[in-house]
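Number of protein chains: 2
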Amino acid sequence: MKLIHTISETRNQVLRARLRGWKIGLVPTMGALHDGHMSLVRRAKAECEFVVVSIFVNPTQFGPGEDFDKYPRTLVEDVEKCRISDVDVVFTPSASEMYPEGFNSWVEVKGYLTETLEGEFRPGHFRGVTTVCAKLFNIVQPTCAYFGQKDYQQLKVVQKMVNDLSMPLEIVPCEIVREPDGLAMSSRNSYLSPEERKAAVVLSRALSKARAAVTEGERNAAAVQEIAEGVIRLEPLASIDYVALRDAETLQPIDRIRKPAVLLLAVRIGKTRLIDNAFIPTN
Amino acid sequence: MKLIHTISETRNQVLRARLRGWKIGLVPTMGALHDGHMSLVRRAKAECEFVVVSIFVNPTQFGPGEDFDKYPRTLVEDVEKCRISDVDVVFTPSASEMYPEGFNSWVEVKGYLTETLEGEFRPGHFRGVTTVCAKLFNIVQPTCAYFGQKDYQQLKVVQKMVNDLSMPLEIVPCEIVREPDGLAMSSRNSYLSPEERKAAVVLSRALSKARAAVTEGERNAAAVQEIAEGVIRLEPLASIDYVALRDAETLQPIDRIRKPAVLLLAVRIGKTRLIDNAFIPTN
Chain D
1 MKLIHTISET RNQVLRARLR GWKIGLVPTM GALHDGHMSL VRRAKAECEF
51 VVVSIFVNPT QFGPGEDFDK YPRTLVEDVE KCRISDVDVV FTPSASEMYP
101 EGFNSWVEVK GYLTETLEGE FRPGHFRGVT TVCAKLFNIV QPTCAYFGQK
151 DYQQLKVVQK MVNDLSMPLE IVPCEIVREP DGLAMSSRNS YLSPEERKAA
201 VVLSRALSKA RAAVTEGERN AAAVQEIAEG VIRLEPLASI DYVALRDAET
251 LQPIDRIRKP AVLLLAVRIG KTRLIDNAFI PTN
Chain L
1001 MKLIHTISET RNQVLRARLR GWKIGLVPTM GALHDGHMSL VRRAKAECEF
1051 VVVSIFVNPT QFGPGEDFDK YPRTLVEDVE KCRISDVDVV FTPSASEMYP
1101 EGFNSWVEVK GYLTETLEGE FRPGHFRGVT TVCAKLFNIV QPTCAYFGQK
1151 DYQQLKVVQK MVNDLSMPLE IVPCEIVREP DGLAMSSRNS YLSPEERKAA
1201 VVLSRALSKA RAAVTEGERN AAAVQEIAEG VIRLEPLASI DYVALRDAET
1251 LQPIDRIRKP AVLLLAVRIG KTRLIDNAFI PTN
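For the protein sequence lines, the chains are D and L, in the order given. Throughout the first sequence, residue numbering follows my numbering, covering 1 to 283 in sequence. Throughout the second sequence, residue numbering follows my numbering, covering 1001 to 1283 in sequence.
Chain D on its own, in the form it takes in the complex:
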């Protein structure tokens, strides 16, 4: 496994794989790797002959007052996990390697998809995400890039960018990986105190209860949202940013569940902001 800090050397390494006709998999991460990330790596290893994991805490996707400075950085452990998983290249650029002085080119998905939900609570976030993803795609030129569904809106935004701009790769969505009690794995879970960690289970519990109601026949979107909100409101440490049942493709609000939908949550547990979601099938 090679640990690489520069764009040019990453290109060199990937080129050798490409000339052999190998499929190239990219797993873009911000590090602090957990089992959710490693499930993406396993999927990439299963499908591609050459796997690149990028580790880059991307400053342009954090807003002022967000957690860029305190975001967990565990590079030594991350590299070891990648080595054990037989990753071929770990690409860990510096901020100045990715954004040299004078950098001012941006890739942006406009419209409702990036204005709602996370876009509303984190202005500029998705512009940072799409720009860094576009740049990573250009550097690695992967056959496939692997994204977790926990960041469901991010996945939809990246898919739209790839489709609109005809980027030559496939985006592979991967299942959410959860702790035994249901909490979706996230690097930000490390912010939680023991008490908050227990409280954080309300997100997945709210999703489960709402899903169960749909399974039992509930089709009214407001009623389904209300069930999820009710669960979260019972937890004193939790405060809701949004609970939203949306069309699974467009993320537009819906009145009734007729097409595949997704229930999306953003909840603050103490000072830690967590997101989670569940797919809501139509039957």
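It should be emphasised that the hints constitute simulated quantities derived from the structure, not laboratory data. Predicted, not measured: the structure shown is a model, and the values here were computed from it. It is possible that part of the hints are untrue.
Here are some of the chain D residues that sit facing chain L, going by a computed Cβ distance under 7 Å [to be verified]: (1) Ile7; (2) Asn104; (3) Ser105; (4) Val107; (5) Glu108; (6) Val109; (7) Lys110; (8) Gly111; (9) Ala134; (10) Lys135; (11) Asn138; (12) Ile139; (13) Met161; (14) Leu165; (15) Met167.
With a straight-line cut-off of 30 Å between C-alpha atoms, the simulated DSBU-like cross-links for lysine-lysine are [unchecked claim]: (16) Lys1081/L <-> Lys1023/L; (17) Lys1110/L <-> Lys110/D; (18) Lys1045/L <-> Lys1150/L; (19) Lys2/D <-> Lys70/D; (20) Lys1002/L <-> Lys23/D; (21) Lys150/D <-> Lys81/D; (22) Lys271/D <-> Lys198/D; (23) Lys1081/L <-> Lys1002/L; (24) Lys209/D <-> Lys198/D; (25) Lys2/D <-> Lys1023/L; (26) Lys45/D <-> Lys81/D; (27) Lys1023/L <-> Lys23/D.
Backbone N, C-alpha and C fix where the C-beta goes; we use that ideal spot for every residue, glycine too.
Dock chain L against the given chain D, drawing on the hints supplied.
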């Protein structure tokens, strides 16, 4: 030579060339091909084993009230010129192939480089240019893309996009091709009446006179601009949008010529807006 209207078939054709290890050249055009375009094609043919010419009058780079509707469209003649020049693929997508319903992803170079000169007179123009170029680069994945220096600011904007976003291709700038009397070749020259056509020579004449002054030792930017403006003001059919001596890399204004500079003109001849420029060496 293949004439192709779809993104997927263009990809298929280029893939065959790529698998042979061939260099792939892209000449992006809006059609109405003249000897300037064909010089780009010749350069691409000399350097690459496989050459794609795209012909697409890109709606997103025209502003309201600009000449999108009347822009010359000469597809039959264009295709014949490409055939004679041994082009491998002519890619002529429809607007809906490039911008399907709901398209809303944009690539944009921000800052002074796109705000000044053409950016000031044509708001949104460069966002359309960079978005369509990014999309064409993703579709064709060329080794090299060939751009004429007549659109000098466009060249610098595209180069900045490619550098900032680490796009995996080389931008090849090509010399301006001129009519015998000095007028830079442009598809928009076809708008000119015979009288206007004669008047249009003031652009290249102004550049020549300004350049000659620099050769003779003039280093003051305002004085050099004044010489060019003086030539244009003598032509009653001409009206100046800008005459600007700028740093050749940043397009920032300069007081004195110390580094390579470029003199850029935008002049309306009757209702036709023409641009031209000349490189100003430091000695």
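Task: Numbered hints the structure breaks, given as an ascending list - done: none
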